[in-house]
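Residue numbers (UniProt numbering), protein chains in the order written: chain X, 1 to 153; chain C, 1 to 526.
Treat the hints loosely; a few may be bogus.
[To be verified] Capping the alpha-carbon separation at 30 Å, the derived lysine-lysine pairs in DSSO-like fashion look like this:
1. X:Lys-129 x C:Lys-126
2. C:Lys-40 x C:Lys-139
3. C:Lys-261 x C:Lys-138
4. X:Lys-74 x C:Lys-230
5. C:Lys-41 x X:Lys-129
6. X:Lys-129 x C:Lys-37
7. X:Lys-33 x C:Lys-37
8. X:Lys-74 x C:Lys-139
9. X:Lys-56 x C:Lys-37
10. C:Lys-40 x X:Lys-33
11. C:Lys-217 x C:Lys-82
12. C:Lys-41 x X:Lys-33
13. C:Lys-63 x C:Lys-230
14. C:Lys-40 x X:Lys-56
15. X:Lys-56 x C:Lys-63
16. C:Lys-37 x X:Lys-131
I should point out that these hints are in silico values taken from the structure, not numbers from a laboratory. As the structure is a computational prediction, the values presented were derived from the model and not from experiment.
Each chain, letter by letter, is given below.
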Amino acid sequence: MDVVNQLQRQFIDYSASLHREGFLDDQFTQLQKLQDDNSPDFVVEVASLFFEDCEKLINNMARALEQQQGVDFKQVDASVHQLKGSSSSIGAMRVKDVCIAFRSFCEAQNREGCLRCLQQVTHEYSLLKNKLQTLFRLQQQILAAGGSIPVVE
Amino acid sequence: MVLAESGFSSPRNDAFPAGLRVLVVDDDPTWLKILEKMLKKCSYEVTTCCLAREALNLLRERKDGYDIVISDVNMPDMDGFKLLEHVGLEMDLPVIMMSVDGETSRVMKGVQHGACDYLLKPIRMKELRNIWQHVFRKKIHEVRDIESLEGFESIQMTRSGYDLFDDGHFLSGDDTTSGRKRKDADNKHDDRELSDPSSTKKARVVWTVDLHQKFVKAVNQIGFDIGPKKILDLMNVPWLTRENVASHLQKYRLYLSRLQKESDIKNSFIGMKHSDLPSKDSTASFGPHKAMNMIPDDVPNGTYSFSASNSLAQNVDLKGQGDLKGITSAPVAEPKGALSIDIHDSHEAKSTQMSFDHSLGSVDSAVSFASFNSTTPLQYPWTEIPEIQFKQECEPLHLENGFSQLPLPGPSMIENEANRSRIEVKPLLDECRSNFVEHLGPVGAEDLFPIQSKSQSLNNQVFDLISATKSSMKTQDVGLNYLADSEFALRNLNASGVGVPLATLSEDLQICWLQEYYAIDQGLFA
Chain X
1 MDVVNQLQRQ
11 FIDYSASLHR
21 EGFLDDQFTQ
31 LQKLQDDNSP
41 DFVVEVASLF
51 FEDCEKLINN
61 MARALEQQQG
71 VDFKQVDASV
81 HQLKGSSSSI
91 GAMRVKDVCI
101 AFRSFCEAQN
111 REGCLRCLQQ
121 VTHEYSLLKN
131 KLQTLFRLQQ
141 QILAAGGSIP
151 VVE
Chain C
1 MVLAESGFSS
11 PRNDAFPAGL
21 RVLVVDDDPT
31 WLKILEKMLK
41 KCSYEVTTCC
51 LAREALNLLR
61 ERKDGYDIVI
71 SDVNMPDMDG
81 FKLLEHVGLE
91 MDLPVIMMSV
101 DGETSRVMKG
111 VQHGACDYLL
121 KPIRMKELRN
131 IWQHVFRKKI
141 HEVRDIESLE
151 GFESIQMTRS
161 GYDLFDDGHF
171 LSGDDTTSGR
181 KRKDADNKHD
191 DRELSDPSST
201 KKARVVWTVD
211 LHQKFVKAVN
221 QIGFDIGPKK
231 ILDLMNVPWL
241 TRENVASHLQ
251 KYRLYLSRLQ
261 KESDIKNSFI
271 GMKHSDLPSK
281 DSTASFGPHK
291 AMNMIPDDVP
301 NGTYSFSASN
311 SLAQNVDLKG
321 QGDLKGITSA
331 PVAEPKGALS
341 IDIHDSHEAK
351 STQMSFDHSL
361 GSVDSAVSFA
371 SFNSTTPLQY
381 PWTEIPEIQF
391 KQECEPLHLE
401 NGFSQLPLPG
411 PSMIENEANR
421 SRIEVKPLLD
431 ECRSNFVEHL
441 GPVGAEDLFP
451 IQSKSQSLNN
461 QVFDLISATK
471 SSMKTQDVGL
481 NYLADSEFAL
491 RNLNASGVGV
501 PLATLSEDLQ
511 ICWLQEYYAI
521 DQGLFA
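Take the sequences, apply the hints, and build the full model.
What follows is the structure, given as structure tokens:
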């Protein structure tokens, strides 16, 4: 019992910090609410899809920006736009914010700026991935200890 | 059986909107999953796909299989707006657009293309919960449309409307009864479609400008008299039926015959006098092609709208500047001649004519023709004009001033004028003197003609103003004007539809015609 409570409290605190630090926003909470008996792993599944998509898009951007003979900014922009949409799906606020800046650089056809944004986006994405994995691990532990996952508002 | 397919006939009917069949299209797998989950939580039946083409295939395969489509704006294989158009045209389903981009221009574009809603990502469940209202609303409108269209456009009535009636679930008992009666009546009209149980719900055809252009092209090639089947073949639009073309053709014939009537009347006292052309502007000819072709060059996309009053006014705007330039630059005796010419020349001078923004100029004769609606035949007290004109002729025609005092923006002011106007000529003289029209010259044309609806009257007035102005200049010299151009167009039109003018008609003309078409559709002319 104690263990479960402890874990649950840890979970709540960690969730709160993620929200506080802007890694996640309300959308993530919405996802958690969607999770039910029909789809008990809903949030984890969605997050996995997001990570996959993210990696693919980041690779696309990197490749496009690497082109020595001329960067196709339209292509980069398209990928950034997609990433922006994707990040909004799980509430990845910080990733989304970088995307916004990223798009301006694309519009301005500023390769340096774009590269910097790419770096930032990659960084934010990695951070988020780690944090979410930690959160999910906590969830698993709670469930394994027989508890239920608290919903953080 | 149609009923079973309709989706509103099953038991879930009672629990509507539960069971609403939603097709979600999004290339983002994360969103697709989330939306699916959300919609399922709303008790909707969800189908997902990540490609627009795939979505269209699904929709085409099961014409009655879905109630509503939700689609993202950005997709790799097809622009979301294009998909939107297709769905609207072919299946006539409500479509909701989604995007992470909430820029007003994008949203506007969505609405323009026919989206019934535009959701911003991240999308909340509560937003999805309410989407059934769009389905419901559409059904209701179809019922209303059916009522207004009866007898006029029975062919184009949708099956879904019948389904509603048949079900009796949607409507009250009374409605159902009348609906059934109507359905029977319509059955006679369209046996083939209705009696075939396996035929799919006939989507209501939306005649976009593109489609209409195809139609016009086909008609030009083979003429009206050949018949809808041939036209349909030529158009090569797979989902269009002979009935669609037939009804469209019918309307088109009406429209043309109206143009012809007007031109005939005008013909009686309008002469073509090249010599009156102001030297500065006499570069042009009668070329209807030119006149009409020039127009699109200067027409910003903004005019591409279907709202009658606005777009007409807008159309008038742009060409008006050309018109007025001609008028203003010419002394009393000449302006009329300048009208058609000005289309060409005035483009350069357009910037100097900013005051005529919402002016009455209607060089785009097609516009004004198109605006002639079919409600009441125009009355042409032409014979009276000359006398009146003479009385006032001594008044110098300060066209420049006059025009600059033209009502701006057009529609509202003209409406004021219209309100004061009457059909008789004489009483209007006083009014003419008292309002801006007197600057223009003897008679405010708008006063001479019955004012119909606000939007149409704008162009009526424009047209009339100019022609009246012209005719007032010199009795014997009614002047070359753009009417000549339009007459050419008409003559060509009547020559069994063969001819260049139609084919070269600008999009604006088509749009205007389509406006009229839709106005008819809405029973304005019923």
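Hint check against the structure, violated hint numbers in rising order: 3, 4, 8, 15
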